[in-house]
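There are 2 protein chains.
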Amino acid sequence: MDRTQEVVDRILAGDVRIAARLMRELDDGRPEVREILKELYRHSGRAHIIGITGAPGVGKSTLTDRIIQYLRQEGKTVGVVAVDPTSPFSGGAILGDRIRMQRHALDEGVFIRSLATRGHFGGLTASARAVITVLDAMGKDYVLVETVGVGQDEVEIAATAYTTLVVTVPGMGDDIQAIKAGILEVADILVINKADREGASRTYQELIQMLELQGHRKAIAWKPPVLLAQAKDNEGIEALMAAVRDHQEFLAQDGGKALQLARASRVRQEFLELLREGVSRRLVKQLESDGRLDRVLTDILAKQTDPYSASQALVLEMLGPVKPMA
Amino acid sequence: MDRTQEVVDRILAGDVRIAARLMRELDDGRPEVREILKELYRHSGRAHIIGITGAPGVGKSTLTDRIIQYLRQEGKTVGVVAVDPTSPFSGGAILGDRIRMQRHALDEGVFIRSLATRGHFGGLTASARAVITVLDAMGKDYVLVETVGVGQDEVEIAATAYTTLVVTVPGMGDDIQAIKAGILEVADILVINKADREGASRTYQELIQMLELQGHRKAIAWKPPVLLAQAKDNEGIEALMAAVRDHQEFLAQDGGKALQLARASRVRQEFLELLREGVSRRLVKQLESDGRLDRVLTDILAKQTDPYSASQALVLEMLGPVKPMA
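These protein sequence lines are chains U and G, in that order.
For the first sequence, numbering that gives the first Met the number 0 assigns the number 0 to the initial residue and increments by one for each residue that follows.
For the second sequence, numbering that gives the first Met the number 0 assigns the number 0 to the initial residue and increments by one for each residue that follows.
Treat the hints with care, as some may be off.
[As the list claims (entries may be wrong)] Okay, derived cross-link-like pairs now, DMTMM-like style, lysine to aspartate or glutamate, Cα gap no bigger than 20 Å in a straight line:
1) G:K37 with U:E38
2) G:K302 with U:E316
3) G:K322 with U:D14
4) U:K302 with G:E211
5) U:K284 with G:E272
6) U:K322 with G:E316
7) U:K302 with G:E316
8) U:K75 with U:D14
9) U:K322 with G:E272
10) G:K75 with G:E34
11) G:K302 with U:D14
12) G:K256 with U:E316
13) G:K284 with U:D8
14) U:K37 with G:D298
15) G:K322 with U:E287
Calculated directly from the structure, the hints in this document are not laboratory data.
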């Protein structure tokens with residue numbers, strides 16, 4: 000039996016040690032790792048992926064912790080990918096938090112993998128998606144993807160989950176306006192955490208109003224609920240998980256039509272990202288190997304051309320004009 | 000005279016109204032806008048670009064505000080690009096801050112443009128670079144690029160400035176560890192803001208130690224200084240700007256060798272980003288127009304293939320293997 004198949008079989012059987020090693024090797028870009036991922040991908044697609052995103056400081060990690068706890072009590076297995084430098088999972092938070100999280104480290108039904116946004120220039124999205132695939136193939140019932148709601152890649156990773164939670168806190172003031180711009184659109188469920196703080200009911204009203212405006216524009220069948228929670232005190236978690244279940248049922252109704260759409264959109268995103276990455280790598284290799292990259296850069300620096308013209312010309316040269324259907 | 004040339008001439012002459020309109024139109028992707036950018040690019044390259052990055056809450060915007068004030072007092076013109084949802088420039092901060100910033104709105108020597116990270120999925124980096132080009136071509140002496148030090152794209156935009164300031168605050172504890180992972184490497188100058196807070200001297204010692212470790216690894220000629228500041232009280236700004244001047248002089252010495260290297264690396268980054276974007280757009284158009292994208296996605300969903308294999312095959316089909324130098 001070859002090594003690829005052996006690793007694949009062990010991970011499918013839930014071997015935590017082998018899975019952890021593969022995840023560490025993901026960024027190497029070695030062909031073997033890619034072969035293993037290909038196999039694992041075909042065994043993925045069963046986990047329910049939940050995205051958890053929001054501004055720094057809203058308590059995403061504590062909420063994630065409570066969701067893990069809830070799901071474990073229900074007997075579900077859980078994988079966690081944290082793409083958040085302020086997350087205790089990723090090593091960015093205060094020690095107390097980190098110790099609190101470690102209780103899950105001894106639980107075989109939970110697998111946590113963190114990716115720091117810093118230091119992963121260029122490969123964060125691909126790495127996160129690969130880790131999700133591995134956790135899914137391992138047979139986890141749920142995969143939680145916690146990302147900080149600031150960078151565009153980070154928001155997008157959470158947005159392509161099947162159920163996306165957007166977390167906010169009362170009284171963020173103008174931040175609510177900022178949320179409107181992009182993050183609200185990706186929410187399947189809105190959570191106002193730290194709901195004991197002043198201004199919770201005003202924030203609640205504002206979010207409801209914004210959702211109504213959005214509902215008129217988008218004509219979607221699912222109406223995102225707005226929920227109050229105090230993750231620190233484990234309050235509001237049952238109602239939140241009931242909403243997650245409602246959303247899962249919504250996705251599954253009519254023979255799973257909505258789930259299929261969500262899956263298709265997820266696959267499209269993943270495929271196009273890989274295609275872009277592959278094409279870029281291939282292009283740069285070509286341009287470096289025949290010395291063209293250096294020549295183009297020299298011309299741009301000498302103001303003989305500009306990056307816009309040079310890239311346009313090169314795209315046309317390498318790919319030609321768009322050809323109609325054969 | 001055609002419209003492109005007219006717009007270009009007006010912007011080169013510093014017409015704020017026309018420049019503002021062009022910046023609003025940047026995201027449209029219309030061919031005229033691209034033509035204008037091409038022309039402007041050839042007139043860019045004179046501004047000193049300063050990147051300002053760091054975690055949310057460290058006071059980047061207040062520091063940016065103080066730097067603007069300092070440079071204006073020196074008689075320099077300033078352009079600002081804020082890519083930070085927590086920045087008052089981008090509309091994410093409390094009202095008081097925003098009003099404080101507006102004093103610059105009446106100053107013709109300052110031009111501020113903000114880009115929200117949210118709501119700009121897919122085009123943030125390109126938009127930010129284009130705005131920098133416009134401000135540079137307008138003849139601004141300095142272009143300040145404020146980005147939140149969280150998302151990978153956001154950090155990279157600041158990192159490709161000529162002088163990059165990384166801002167932190169005392170007592171971020173484990174966050175210092177997180178900084179080590181990626182952000183420290185992009186710093187030309189480190190600023191400990193809110194230096195009246197407890198723990199400033201410990202943070203200072205830690206940063207100095209980390210820089211020493213890094214210095215051994217990288218063997219670089221420029222040793223990033225660590226500076227204390229209280230931007231709110233306008234303290235430490237003179238020393239900071241002296242360090243910026245030192246760095247400018249460092250870049251200019253030996254006939255500007257280091258500056259040329261920084262410029263070349265900046266141009267390389269910008270060109271490759273545009274190339275990737277152009278190739279992706281062109282590829283997706285092709286794949287959609289001949290129906291191949293739908294077929295591939297259907298196959299992936301049916302587990303007939305996986306995104307890794309499918310993207311690899313497609314890259315090979317469209318671009319062939321890497322050809323050696325002609």
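Comparing the hints with the structure gives:
At most 20 Å may separate the alpha-carbon atoms for a hinted pair to count; K37 (chain G) and E38 (chain U) exceed this at roughly 45 Å. Restraint check for K302 (chain G) and E316 (chain U): not satisfied, since their Cα atoms lie roughly 34 Å apart, outside the 20 Å limit. Taken as a hint, the K322 (chain G) and D14 (chain U) pair is broken in the structure, with Cα atoms around 42 Å apart against an allowance of 20 Å. For a cut-off of 20 Å, the pair hint linking K302 (chain U) to E211 (chain G) is broken: about 38 Å separates their Cα positions.
For a cut-off of 20 Å, the pair hint linking K284 (chain U) to E272 (chain G) stands: about 15 Å separates their Cα positions. A distance of roughly 14 Å separates the Cα atoms of K322 (chain U) and E316 (chain G); the hinted pair therefore holds under the 20 Å criterion. At roughly 34 Å between alpha-carbon atoms, K302 (chain U) and E316 (chain G) are farther apart than 20 Å, so this suggested pair is violated. Annotation: proposed proximity of K75 (chain U) to D14 (chain U) holds, straight-line Cα distance about 17 Å (limit 20 Å).
With a C-alpha separation of about 24 Å, the suggested pair K322 (chain U) and E272 (chain G) falls outside the 20 Å cut-off, and the hint is violated. With a C-alpha separation of about 29 Å, the suggested pairing of K75 (chain G) with E34 (chain G) is violated against the 20 Å cut-off. For a cut-off of 20 Å, the pair hint linking K302 (chain G) to D14 (chain U) is broken: about 23 Å separates their Cα positions. For the hint pairing K256 (chain G) with E316 (chain U), the CA-to-CA distance comes to about 33 Å; that exceeds 20 Å, so the pair is violated.
Of the pairs offered as hints, the one joining K284 (chain G) and D8 (chain U) is violated, with about 38 Å between alpha carbons and a cut-off of 20 Å exceeded. This hinted pair checks out: K37 (chain U) and D298 (chain G) have alpha carbons roughly 14 Å apart, not beyond 20 Å. For the suggested pair K322 (chain G) and E287 (chain U), the alpha carbons sit about 11 Å apart, so the restraint of at most 20 Å is met.
Going down the numbered hints, you'll see the structure goes against 1, 2, 3, 4, 7, 9, 10, 11, 12 and 13, while the others check out.
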